[in-house]
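**Q** If you're matching them up, the sequences are chains A and B in order. Counting in my numbering, the first sequence runs from 918 upward without gaps. Counting in my numbering, the second sequence runs from 11 upward without gaps.
Treat the hints as calculated values from the structure; they're not laboratory data. Since the structure is predicted, the reported quantities are computational estimates derived from the model, not experimental observations. The reader is advised that the hints may include incorrect statements.
What the hints assert, rightly or not - With a straight-line cut-off of 30 Å between C-alpha atoms, the simulated DSS-like cross-links for lysine-lysine are:
#	chain 1	residue 1	chain 2	residue 2
1	A	992	A	1041
2	B	180	A	1026
3	B	43	A	992
4	A	992	B	141
5	A	1048	A	1026
6	B	283	B	141
7	B	180	A	1048
8	B	300	B	283
9	A	1026	B	43
10	B	43	A	1041
11	B	180	B	300
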Amino acid sequence: MSNLLEICGVTKVFGGLTAVDNVSFDVRRGSIVGLIGPNGAGKTTVFNLITGNYRCDRGEIVFDGQLLSRLPPHKIVYLGIARTFQTIRLFQNMSVLENVLAGRHCRMKAGLLASMLHLPSERKEEREALKFALHELEFVGLREHAAQRASSLSYGNQRLLEIARALASEPRLLILDEPAGGMNEQETEELMALIKKLQSRGLTIILIEHDMNLVMQACEHLVVLEYGRKIAEGPPEEIQNNPKVIEAYLGVD
Amino acid sequence: MEEFFQQLTNGLAVGGIYALIALGYTMVYGVLKLINFAHGDLFALGAYLGLTLLTSLGLNSRVGPLAGLALLVVFVTGLVALAGALLERAAYRPLRQSPRLSAVVSALGASIFIQNTIMLIYGSKIHVYPKGILPAVAVNIFGLQVPLVRILVFVVSLLLMAALFAFIQKTRLGTAIRAVAIDQDAARLMGINVDQVIMIVFLIGPGLGGVAGLLVGLYYGQVNFTMGWIYGLKAFTAAILGGIGNIPGAMLGGLILGVIEALGAAYVSVAWKDAIAFLVLIVILIARPKGLLGERVADKI
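Isolated chain A (complex conformation) (with noise of 0.2 Å):
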């Protein structure tokens, strides 16, 4: 199966205004994915669909041929899908390493016995996920950072870290919401290096984000959403000429 995740036909009302209205597209695996619309238009609120945030009211989402409308979303996130949030939402209290350390939750399995008397086991494993969540904060570039307040971080350093507390459930599927939402250039530009290289890493990856140069040279395919609906799909270079598109993002006279 080339696809990692799957579509079908789905839809989400909110009291009476439809968010998401029959929305169909296929995530190839180990390609990077762009959802574009304007504001209000429902991209956020697939993302929420997929990670089993919300329940579709019709229509399924196939993640690796698992059905997942009905699984909570810690089974979701164990199955391999991982994601950020549009408006950061770290644990502020918390340190940058011990945010990574929640995020490597489900695939440690001490139970409440084990960790209350401290049994070799148990130590064992919180060793290697320590040793883990360096290995991502390493890899984003927060190594020197991990014993810090995660609310003490820099904006653009806070999305570098919840891309990598994500990273520590180990997905095979990321969701990236405005993953350069209040990143300067540079940042950035190190930002879409880092997609890159997770891509290298194997990933799959879905990505909502306005800033239309990332997207464009960041994803190998992208879906346009406007209204809750899907309005085009292709490769950028095609989207970019599309005049529904043009239309969506311009408006017409």
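The hints should help you fit chain B onto chain A, whose structure is shown.
**A** The following block gives chain B in isolation, referenced to the frame of chain A:
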């Protein structure tokens, strides 16, 4: 001076007990933003289970005083922890999505239920813990004669608090508990099973509360079925004093309240003991509504 130090050690022992109970309030509040009003009654349940284990099973006469005490602590912790988890499953989980007031009413109902269950089983009379569980000797500390039981109560509560602190700071589940307290939805989306974390909090909190009940039985020698109310209120005060939702705060608040109360009873009047404790609560609520260590958990209510 002798009197002062006697009251100080007494206050620390009682404060240790308050702290153990306060931890249950503060941990549950941390993850659910709910005051578990049945917590004091789980504490009373611990006192009564300890009594049963001592009298009916004769635990101590078989293995000796110190090993017996250790076993008692283990059994009472385990049993009250189970009762706590059952309470969560029956009284709180079905109301997870309901308005907060529903859960509060459910908590009050559970409190009455547990209190009356204890009364039905044990009767409404005061029960007396068997004498001579621990040798009635005094230990000489820097010239001060301190009863052994007082030292044991203080040491047991300190050990449990230290263990809890290490657990919360250093382990996978402790990290998960803190993450859930900060942002439940984000924790869930990071792969943490929030229901399981809440269950664990309802095992640990009541487990510690149960041990506190046992310690009160050993320290004062008598228990009654309404004791959960006043101790619950005191420990709740301690939790607020330290900053509700804050684990080190509950420990500190408990010890401070115990000492203030003991010194107040000695130097003001025994009759004013409770009034002094609640005066502390009122002063704290006015002067530092977030408690001594502040509330680490952001709360919008």
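**Q** If a hint holds in the structure, say so; if it doesn't, say that too.
**A** Here is how each hint holds up against the structure:
{"no.": "1", "hint": "992/A - 1041/A", "verdict": "24 Å, holds"}
{"no.": "2", "hint": "180/B - 1026/A", "verdict": "15 Å, holds"}
{"no.": "3", "hint": "43/B - 992/A", "verdict": "25 Å, holds"}
{"no.": "4", "hint": "992/A - 141/B", "verdict": "53 Å, violated"}
{"no.": "5", "hint": "1048/A - 1026/A", "verdict": "16 Å, holds"}
{"no.": "6", "hint": "283/B - 141/B", "verdict": "26 Å, holds"}
{"no.": "7", "hint": "180/B - 1048/A", "verdict": "14 Å, holds"}
{"no.": "8", "hint": "300/B - 283/B", "verdict": "24 Å, holds"}
{"no.": "9", "hint": "1026/A - 43/B", "verdict": "27 Å, holds"}
{"no.": "10", "hint": "43/B - 1041/A", "verdict": "34 Å, violated"}
{"no.": "11", "hint": "180/B - 300/B", "verdict": "26 Å, holds"}
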